[in-house]
Amino acid sequence: MPAITPIPLAELTTLRVGGTPERMVEAHTRNDLVDALRTVWADGEPWLVVGGGSNLLVGDEPFDGTVVLVRTTGIERMGGAPDGRARLRVEAGHDWDALVAYTVAEGLAGIEAMSGIPGRAGAAPIQNVGAYGQEIVETLVEIELLDEATGEVEVVPAADLELGFRTSALKAHYGSVPKRSGVIVSITLELLEVGHGEFPVRGAQLRQALGMDADATATLRGIRETVLSTRARKGMVLDDGDLDTHSAGSFFQNAIVSASFARTLPAECPRWPIAATLDPVTVIPLAAYDGLVAPPVSTRPDVKVSAAWLIEHAGLGKGFHLPRSRAALSSKHALALTNRGGATAGELAQLARFIQQRVQSEFGLMLQPEPVLVGVEL
1 MPAITPIPLA
11 ELTTLRVGGT
21 PERMVEAHTR
31 NDLVDALRTV
41 WADGEPWLVV
51 GGGSNLLVGD
61 EPFDGTVVLV
71 RTTGIERMGG
81 APDGRARLRV
91 EAGHDWDALV
101 AYTVAEGLAG
111 IEAMSGIPGR
121 AGAAPIQNVG
131 AYGQEIVETL
141 VEIELLDEAT
151 GEVEVVPAAD
161 LELGFRTSAL
171 KAHYGSVPKR
181 SGVIVSITLE
191 LLEVGHGEFP
201 VRGAQLRQAL
211 GMDADATATL
221 RGIRETVLST
231 RARKGMVLDD
241 GDLDTHSAGS
251 FFQNAIVSAS
261 FARTLPAECP
271 RWPIAATLDP
281 VTVIPLAAYD
291 GLVAPPVSTR
301 PDVKVSAAWL
311 IEHAGLGKGF
321 HLPRSRAALS
331 SKHALALTNR
341 GGATAGELAQ
351 LARFIQQRVQ
361 SEFGLMLQPE
371 PVLVGVEL
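Oh and the sequence shown: position 289 is 289 in this note's numbering, straight run, nothing missing.
Treat the hints with care, as some may be off.
In silico DSSO-like cross-links for lysine-lysine, where the CA-CA straight-line distance does not exceed 27 Å [to be verified]:
1) Lys234 / Lys332
2) Lys304 / Lys234
3) Lys234 / Lys179
4) Lys304 / Lys332
5) Lys318 / Lys332
6) Lys304 / Lys318
7) Lys304 / Lys179
Label pairs and their computed distance ranges (CB to CB) [as the list claims (entries may be wrong)]:
8) Tyr102 / Phe165: 19 to 29 Å
9) Arg324 / Gly211: 38 to 48 Å
10) Gly195 / Ala287: 53 to 63 Å
11) Thr150 / Gly195: 40 to 50 Å
12) Arg202 / Asp35: 35 to 45 Å
13) Leu192 / Phe165: 18 to 28 Å
14) Asp213 / Ile274: 21 to 31 Å
15) Glu106 / Asp213: 24 to 34 Å
Hint data in this document are derived by calculation from the structure and do not stem from the laboratory. Glycine included, C-beta positions come from ideal geometry on N, C-alpha and C.
Turn these sequences into a full structure, and let the hints guide you.
Following this line, the structure appears as C-alpha cells:
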C-alpha cells in the first residue's frame, strides 16, 4: 500500500480546512487504488477518499483513519458508440476541467457547459454534477465501481445509479449513508461528435447563460470560454489569489419543492419546473378487460427554486459574515461559503447553520448542504 506522510486536509480541500489524518495513501494507478481500499476495508478502519477536495467540509480534529488520495489519470477511446458519437473511459483521478478541455479540443460535445468545475472525474457521477443545463446523467454510460461489500470491481450502468438532481445511489447526503458503498475507479462517457465549427446550442438554460436566441449556434471553444468567464466572475473558478474561490462552490442545493409550496414563495423568487415522471404503461390482460380504463392521475411537477435568492432575501447579502468570524459568504455569489483566511471548519459550520435558520424563519424551507461533511455537524 503506497503510504505517504499524512498531509493536513486543510492543504487538500478547496475550503482549506481539515485536520491531519492518522494515515494517508496516494494511489497513482488503479491497482494502487484497489489494493489500498481492499486493505483499509479488511482492517475495518474509518476511511475517506479525496480527489480534488472541492466538495468536502472536513472537521478540525485529526481524522482517525486512512485518507486515500486518488491520483489516477488517463483518457481512453472505447468502441461501441453509435455513429456520430464517441465513448471515452476516464480514470477516476483525472482532473475534471482537463477532461472538458480535452473533449473540446477533440470536437466532442456534451460536457462543455461544465467547464471550470473543480474536482476529479470520479466524483462527477456521485452528485450528478451539472451546470448551465448540462448534467453528467446525459452523457454517462457506466462506471467501474470497487464495491465495498464484495471488494470486487464491477461495471455498473448509469441507469442503476439512481442519478437525480445532485444525487445518486453513491452519495452520502448530510445525515444519511449512501445506498451503495464503494469507490469509482473509472467513468465512461458518450459524447456527440460535432467538430470545431458552429452547431445548434441545445438547452434553454445554456442559451440564456450565453445570451443566445433559440436558433443560435456556437463552437465548443466559444461555449467553454464563455462559461469559464461567467464562472470566474462568480468566484467559481479556483484562483489562489481570490479568496472568493476558497470555497466548496455552491454550499447549499437549490431546493426541490412541491408546486403548492412554491406558490407560497414570493413571485419574484426564481424557479424552474422539474419534468414530471411519465406514468408507466398499464397492461391489462385481455381476459380481465371490462371496457374501462382508470383515468391517469394528474400531478403537477415539482419545482426547483433558487437557494441563492432565498439567502439574499433572508437578509444575508454577498460578503455577509458573523462577528469575528473568518468565514463569509462570497462577495460575488451568495451561495458560496468562503474561507477568508484561517477560518476553521467550526466557523464555516456556524455560518451555514445561521443561514439555514434565517432562510427557514423567513420562508419556511430548510436548505440542505451540497458538500460532503466529515466530522462536522450542522
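Right, here's what the structure says about each hint:
no.	hint	in the structure
1	Lys234 / Lys332	holds (5 Å)
2	Lys304 / Lys234	holds (21 Å)
3	Lys234 / Lys179	violated (34 Å)
4	Lys304 / Lys332	holds (22 Å)
5	Lys318 / Lys332	holds (6 Å)
6	Lys304 / Lys318	holds (22 Å)
7	Lys304 / Lys179	holds (24 Å)
8	Tyr102 / Phe165: 19 to 29 Å	holds (27 Å)
9	Arg324 / Gly211: 38 to 48 Å	holds (42 Å)
10	Gly195 / Ala287: 53 to 63 Å	holds (56 Å)
11	Thr150 / Gly195: 40 to 50 Å	holds (42 Å)
12	Arg202 / Asp35: 35 to 45 Å	holds (42 Å)
13	Leu192 / Phe165: 18 to 28 Å	holds (23 Å)
14	Asp213 / Ile274: 21 to 31 Å	holds (25 Å)
15	Glu106 / Asp213: 24 to 34 Å	holds (27 Å)
Figure legend: structure checked against the earlier numbered hints; the only hint not met is number 3.
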